[in-house]
Amino acid sequence: MMRMSLPVVLEDGSRLDWPDGRYEPKVRVSMDRANILHRLSGVPSLERALDEGMARWAAEIRCPKTLLSRIALSTAPEHTVNWHPDELDGVSWIVPGLLAVEEFEIRGEELNSFWHGETLLVPSGWWLAQGTKRKVNTLAQSLLRFVKDEKLADGRMHIQPEHGSGHLRFVAHLATDIWPEIQTNRTLQVAALIGVCSHFPTTFGMDPAEEPEVAREIRDRLEMADVPVWTDDGYDAALAATVIEEFRRTLDNDSQKN
Amino acid sequence: MNRDLIRRVDVPFTRWQRGLTFEPKTHGKWADAPPEITDPIRQRQTELIDAVTDGTVALSQYLRTQLGLGSDQPIEAPPFPRPALTPSEYKEPPVQLEEELGMAWRDMLEHRKALASSPLFWLLCHISWIDEGRFGGDGLALEEALLSGGDARERRIRNFLRRTGGLPHVRGNTSVFSDCPLARAWWRFHLADEVERTTQGRIGSKAAHWLFHCHRQSWETLVMLSLKRITTINQPRARAAIAHHLGVRVQTKGRFDQNDVKAVATGLARVSLRRSLDYTPLEELYDMEVTELATA
Numbered sequence: 001m002m003r004m005s006l007p008v009v010l011e012d013g014s015r016l017d018w019p020d021g022r023y024e025p026k027v028r029v030s031m032d033r034a035n036i037l038h039r040l041s042g043v044p045s046l047e048r049a050l051d052e053g054m055a056r057w058a059a060e061i062r063c064p065k066t067l068l069s070r071i072a073l074s075t076a077p078e079h080t081v082n083w084h085p086d087e088l089d090g091v092s093w094i095v096p097g098l099l100a101v102e103e104f105e106i107r108g109e110e111l112n113s114f115w116h117g118e119t120l121l122v123p124s125g126w127w128l129a130q131g132t133k134r135k136v137n138t139l140a141q142s143l144l145r146f147v148k149d150e151k152l153a154d155g156r157m158h159i160q161p162e163h164g165s166g167h168l169r170f171v172a173h174l175a176t177d178i179w180p181e182i183q184t185n186r187t188l189q190v191a192a193l194i195g196v197c198s199h200f201p202t203t204f205g206m207d208p209a210e211e212p213e214v215a216r217e218i219r220d221r222l223e224m225a226d227v228p229v230w231t232d233d234g235y236d237a238a239l240a241a242t243v244i245e246e247f248r249r250t251l252d253n254d255s256q257k258n
Numbered sequence: 001m002n003r004d005l006i007r008r009v010d011v012p013f014t015r016w017q018r019g020l021t022f023e024p025k026t027h028g029k030w031a032d033a034p035p036e037i038t039d040p041i042r043q044r045q046t047e048l049i050d051a052v053t054d055g056t057v058a059l060s061q062y063l064r065t066q067l068g069l070g071s072d073q074p075i076e077a078p079p080f081p082r083p084a085l086t087p088s089e090y091k092e093p094p095v096q097l098e099e100e101l102g103m104a105w106r107d108m109l110e111h112r113k114a115l116a117s118s119p120l121f122w123l124l125c126h127i128s129w130i131d132e133g134r135f136g137g138d139g140l141a142l143e144e145a146l147l148s149g150g151d152a153r154e155r156r157i158r159n160f161l162r163r164t165g166g167l168p169h170v171r172g173n174t175s176v177f178s179d180c181p182l183a184r185a186w187w188r189f190h191l192a193d194e195v196e197r198t199t200q201g202r203i204g205s206k207a208a209h210w211l212f213h214c215h216r217q218s219w220e221t222l223v224m225l226s227l228k229r230i231t232t233i234n235q236p237r238a239r240a241a242i243a244h245h246l247g248v249r250v251q252t253k254g255r256f257d258q259n260d261v262k263a264v265a266t267g268l269a270r271v272s273l274r275r276s277l278d279y280t281p282l283e284e285l286y287d288m289e290v291t292e293l294a295t296a
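Top to bottom, those sequences are chains A and B. No gaps in the numbering here: position 41 of the first sequence is 41 in the numbering used here, and each next residue is one more. No gaps in the numbering here: position 169 of the second sequence is 169 in the numbering used here, and each next residue is one more.
Among the clues, some could well be false.
[Claimed, not checked] Just the calculated beta-carbon pair ranges, DEER-fashion: (1) B:Pro94 <-> A:Ser74: 40 to 46 Å; (2) A:Val243 <-> B:Val250: 49 to 55 Å; (3) A:Pro85 <-> B:Pro83: 30 to 36 Å; (4) A:Gly155 <-> B:Thr86: 57 to 63 Å; (5) A:Val91 <-> B:Leu273: 19 to 25 Å; (6) B:Gln251 <-> A:Ser74: 37 to 43 Å; (7) B:Pro83 <-> A:Ser5: 29 to 35 Å; (8) B:Leu140 <-> A:Ser74: 55 to 61 Å; (9) B:Gly201 <-> A:Thr119: 34 to 40 Å; (10) B:Arg216 <-> A:Thr119: 49 to 55 Å; (11) A:Ala225 <-> B:Gln251: 55 to 61 Å; (12) A:Pro85 <-> B:Ser148: 20 to 26 Å; (13) A:Glu150 <-> B:Pro94: 47 to 53 Å; (14) A:Arg107 <-> B:Arg216: 51 to 57 Å.
[Stated by the list, open to error] The calculated lysine-lysine pairs, modelled on DSSO-like cross-linking and capped at a C-alpha distance of 30 Å, are: (15) A:Lys26 <-> B:Lys228; (16) B:Lys228 <-> B:Lys253; (17) B:Lys228 <-> A:Lys135.
FYI, nobody ran anything at the bench for these hints, they're computed from the structure. Virtual Cβ for every residue (Gly too), placed ideally from N, Cα, C.
With the rest of the complex left out, here is chain A (with noise of 0.2 Å):
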């Protein structure tokens, strides 16, 4: 008969199986892989099954919308997982985790005593930590687009909507000398994001109940952060921006995890 339940390290904390086991792992997510840094502390037997191969550490990366879902296996803590950027389209995730690629067993001394001090023989497959899922693509990323625009004048930025394939987005038309900066440049990404934010009361209106999704989600992060939304008096389009993509000198999107 199948096993219904072994112990699992989640990375939100939420299951107690062992007493001082703790998941933590380090996303970064750039346009066509992530780096993966996993760390575990506090749990002896899985820590014993990854030296002896029984356990490796896993990224799943998964986007619905091309039906697709794959697991990328590592041996090293730290590994990155790679993607052609015409595999993924629309929202995209990846899970960190720990997977039992061959049978072993776990102490039942190391668990808490609601285990009653059973060893557990733990098959192959079963995931052994979690942690939360992270989109590959920000929030960012899905709400902005950048364009050359050789129509502007040096050292211009100008935004507008639109509405595409039924999302509505907005596109940041950038001078031609500013142009090959804005892969790169963080303060150019974030200014164009403030100049997005700036939109919000006009293009997505005064009513809840109408926003588009990624209305919806925008919102939901800034209540989260406690910071006035567009239909609220002192909604202020820097700060807004600035809860969504923060201004940083080195950039890293482990923020971004759900």
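Knowing the structure of chain A, use the given hints to seat chain B on it.
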């Protein structure tokens, strides 16, 4: 075809499709809608119908104009393995035709799922195929293939939009997989191919393709669950397990339907909370699926 072309015409594509359909949620009831709403829609619908019935040159030009494409803009579509399709072949490709199409398109689409799941990609391909006369050269054949199925004008327009790529603003992301016959053909072939590779030939691609093809609602249910509700069944071994179960159903009961697809997918979803379906031995997955159905 690269995605730059698709991105470039994405906005005109959406605007064109939305301009052709009357949406009760937006416009209210047709009978109550004022002429300033209904007349422009009727006018645009008439233009499309006229373009179809006028034949391939007129239709190609009409579509290119709507998307802002010049008449000399090249469109790289996957190669057609036959000179032309009859209207009935086009609307409901038999499984063998789907295999031919899949084999011909494999090189272009195998690793470019973002293209194959794009309604606009398939519309652009249709423009290229219309130019090549793949749906018949005259207006009657085009009309039969692309518009037929219902007398109401709105229905005929929607048939056109669905068949030539899908109608995402009405039918969502499942539309391209369910409504566009040629996209549907590709995806069935592709997933059947994947089943054969995943099972190392134990379930052949022909058998898997037949299972995905033989009951339309089951295919649509599989697509809907894969896209929206139970995305973990996109793991290749999960699809192989679904194909296995449907095959068992055919052997034991002579048939299956969409409820069987739901039951298997739901059972696999429960398993996937604890296990990676792709790293669980297939035999266990076949056995597990029977056990889960008992409690589903």
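Verification of the hints:
no.	hint	result
1	B:Pro94 <-> A:Ser74: 40 to 46 Å	44 Å, holds
2	A:Val243 <-> B:Val250: 49 to 55 Å	54 Å, holds
3	A:Pro85 <-> B:Pro83: 30 to 36 Å	34 Å, holds
4	A:Gly155 <-> B:Thr86: 57 to 63 Å	59 Å, holds
5	A:Val91 <-> B:Leu273: 19 to 25 Å	21 Å, holds
6	B:Gln251 <-> A:Ser74: 37 to 43 Å	40 Å, holds
7	B:Pro83 <-> A:Ser5: 29 to 35 Å	59 Å, violated
8	B:Leu140 <-> A:Ser74: 55 to 61 Å	59 Å, holds
9	B:Gly201 <-> A:Thr119: 34 to 40 Å	39 Å, holds
10	B:Arg216 <-> A:Thr119: 49 to 55 Å	50 Å, holds
11	A:Ala225 <-> B:Gln251: 55 to 61 Å	56 Å, holds
12	A:Pro85 <-> B:Ser148: 20 to 26 Å	38 Å, violated
13	A:Glu150 <-> B:Pro94: 47 to 53 Å	51 Å, holds
14	A:Arg107 <-> B:Arg216: 51 to 57 Å	52 Å, holds
15	A:Lys26 <-> B:Lys228	27 Å, holds
16	B:Lys228 <-> B:Lys253	29 Å, holds
17	B:Lys228 <-> A:Lys135	16 Å, holds
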